[in-house]
Amino acid sequence: MFFSLGLYFALAIFGAGLLYKIFTWFRSSISIGARNITISRRIFSSLRGILCTLFSVKIFTLCKVFILDVVLNRQILREDVLRWFMHISIYGGFMLLLVMHALGRYTSAALFDNYYSTINPFFFLRDLFGVLVLVGVAIAIYRRFILRIPRLFTNVRDHYAIIIVAVILLSGIALEGVKITSHTIYRQMVADYAGLEDAQELQSLEAYWVQHYGVVSPTGHGPFTAETLAQGEELNKASCVACHSRSQWAFTGYGVARIISPFALWLDSLNAHGLLWYIHFFACLIGLAYLPFSKMFHIIASPLSLLANAVMERGQSAPANIATRQMIELDACTHCGTCTVRCSVAAALDEIPNINILPSEKIASIKALASGRKLTNHELKTIQEGVYLCTNCYRCTVVCPVGINLQDLWFNVREMLLQKGLPEFSLLSPLSFYRGLMKEEIGHRDYQRPLLKARNAIADKGDNTKGEDQVLPLPRRDGAFKGRLNLSAQASTFSVCFGCQTCTNACPVVANYKKPQEVLGLLPHQIMHACALGLSGLAFGATMLWDCLTCYQCQEQCPQGVCITDVLYELKNCIVASVGEQAARAVRKR
Amino acid sequence: MKQFALFLGCTIPARLTHYESASRAVLEALAVNAVDIKEFNCCGYPLRNINFKAFLQLSARNLALAERDDLDIITLCQCCFGSLKKANHLLKEDALLRNAVNSHLEKEGLRYTGEIEVKHLLQVLYHDVGIAAIQKEVKRMYDGLRIAAHYGCHILRPSTVVQFDDPLSPTIFDQLIEITGAQSIYWPLKLECCGAPVRGINDELSTALTQKKLESGTGAGAAYLCVACPYCQIQFDTVQGSMPSKRGKDHRLPSILYPQLLGLCMGIDHGVLGLGANQVSITGIEGFFAQVSTGRGEGRQQGVQRSRGEV
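Line by line, the protein sequences give chains A and B. Residues in the first sequence are numbered from 1 upward in steps of one, following our numbering. Residues in the second sequence are numbered from 1001 upward in steps of one, following our numbering.
Mixed in with the good hints, there may be bad ones.
Within a straight-line C-alpha distance of at most 25 Å, the following computed BS3-like cross-link-like pairs (lysine-lysine) qualify [what the hints assert, rightly or not]:
id : chain 1 : residue 1 : chain 2 : residue 2
1  : A       : K482      : A       : K461
2  : B       : K1002     : B       : K1190
3  : A       : K461      : A       : K374
4  : A       : K466      : A       : K420
5  : B       : K1212     : A       : K439
6  : B       : K1053     : A       : K482
7  : A       : K515      : B       : K1212
8  : A       : K420      : A       : K374
9  : B       : K1038     : B       : K1053
10 : B       : K1038     : B       : K1139
11 : A       : K514      : B       : K1212
12 : B       : K1053     : B       : K1092
13 : B       : K1092     : B       : K1107
14 : A       : K514      : B       : K1190
15 : A       : K461      : B       : K1136
16 : A       : K420      : A       : K453
17 : A       : K466      : A       : K374
18 : A       : K21       : A       : K374
Bear in mind the hints are in silico, worked out from the structure with no lab data behind them.
Looking at chain A on its own, in the form it has when it is part of the complex (with noise of 0.2 Å):
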């Protein structure tokens, strides 16, 4: 009744849980495709699109991507056997349980006419099975903290996980080891099914039970005569071994109830097993009443990611169910971490530190983004620096686990943020190639807005020489700006140029325009003198520096060495540094 009730609560809870998720999935969007389109046609088109891959050939794509990734985890084999042997046992291990053991009057007593958990094979299996999850529980945490990945962060999401399975393995255990002990169980068994009557008997099987079966008796520890002990055996023989396999089998438990029994009885005395047993149930009844909330909805969302992504694609499928697909993604990840031990730029978070370059650790702000929270300017601020930092080479998304399009959703949030108006510094970098590449996915307008908010967000830091005739206001002398420029040794040798232009005559973008001045500002050999007058509002505000090739024509052709590229390379660095600070301070002074 008491676990009927339990279970039939905590399901309720797992089931709202469930609904709840589903609904977000189709709520919220980050793709800049969907921005549109209403919950019920999103829903309408993600019935559609399912029934119409199941009645197709997709289905045996389906089929596939579900033996061998979903079942059999062949893109964790890829990537590491060890992490693959880890996930194999706690999930393998854990969904044979729930089958076998926690549900086993649902299911093994269906199945079986002479089910009872304590005989063999299904006494053994469940210690087996426990084991296995202990085993993939421990792996993860000699990966997690003891092992110190580079990079690989743990959060209070991946603690829960790892508790809670723990909690569920080893009350389990020590709940059986417990009964094995206790002479409260065995007297209750001994009423239950043996039906005996005469003492001389009853002392007879519980010598053979304290002998052979680990129960600790009040009253006899032995030794026992070799006559009580057989006579015992016969007993055991007649009432119990045709439910009751020898307690060895069950080899953790044994292992327990060997380590307690000196105070075994103490523990009996104080109905140890009636509260282990509540610990254990009210841990898989928590657990599944809180896993749509935590990383073990991965169970759900992981395989609905995998299989997705296996028939769809970008410009095929729906635009409303590739929005649905990434909020699915979203849940699906299980920060494993495969993602950052592989990003190309990872380990620019030594130099830049922002979390937010880390693949799996921008999902966290991803999913908070999603949910229409509302984010402060320093957070989106932060996030968007994050997800521009990527150089697109796809790794993380032939790496995930779960099949999660990373590299969608990465160029997705980073459109999507970009038009929210917040100066990306980033954008005038060559991590722009890929966008530009992409410019007819983005959109004339949207494509072209950041650009111009980055651009003039610095110029405006810097002194306008555009335009025929511009009139400047005396520029300020900046004494330290010389010493500022000193990222490399190559920066100081602007300070040797005598202005002979050679620079400028050999720039091919100097050379693109008719009037060079008024498109690009300060013109190089310009630059390097305003650097070397400590004009530094001249040489930051010189639009040349953005449009330029870092060809190195310059640079190889000037007579006096002056690192001319190398030299607009350190403007850039600086002018991007002081506005970044800048506007951070702005952030949060409001």
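We have chain A; now place chain B onto it with these hints.
Chain B in isolation, oriented as in the chain A frame:
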């Protein structure tokens, strides 16, 4: 057998996989062992505009990984080459920078002491394999094929750092092209930039520069451009493919990757070379193979003479 750590970078595996397969096939045929180091990351090039230290850190990590495995690096990308060379140059010279970088690398058990050389595919072919050894593997030769060699900026300049070839009149790439019997022609904008570095930042400028290069190539009578860099190739292939031809003039000039050009002569499978993967079709190049495959040496001699005459 020569061994190198193959540094693919980010662009090739994501957008130009046939460059990788073609290069691997060519290297294998020439007995160069290209070893993969799974942990390699971005060379740092895209970050140089905005954060020098992050660029250096990323680059240094690659060098340290190669040093750990005691292998020199071979790159297929001019920008990776330039960045790794630059970082290597700085780290070999500047002990302070090296210490700063190592303090981060040590967290993951890595350390860079400056023992590694960085080479481009073209350098390995020219210096480590050698023209003569490549010639032995060439099974058929082009006849009358005029090629415009595009070196790419970051392989040539800054010459003090990259030390590839004479920055004003390089010949290594031309010689490698002429092994195939093709003629590497003179064209005015040979050493100029392809325009890729500002793609996504200033597309108009980027396209204008590409357009000029293509016009210069076709004007000099080239049938194909030949490149050895993924950025240049994407610019000349993918971007050119989507460029409207200006003023009614057709400046289509297909671009072929060097390992494709060489691989065809070595009899490597078309699928492996990825001939079908180019946006601006290059399949017509088959038509340039001399009908009779005998008399190799003779044809080669002619090819070299022809090109000298031209220059």
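Violated hints, by number in ascending order, as checked against the structure: Hints 2, 3, 4, 10, 15 and 17 are the ones this structure does not satisfy, whereas the remaining hints hold.
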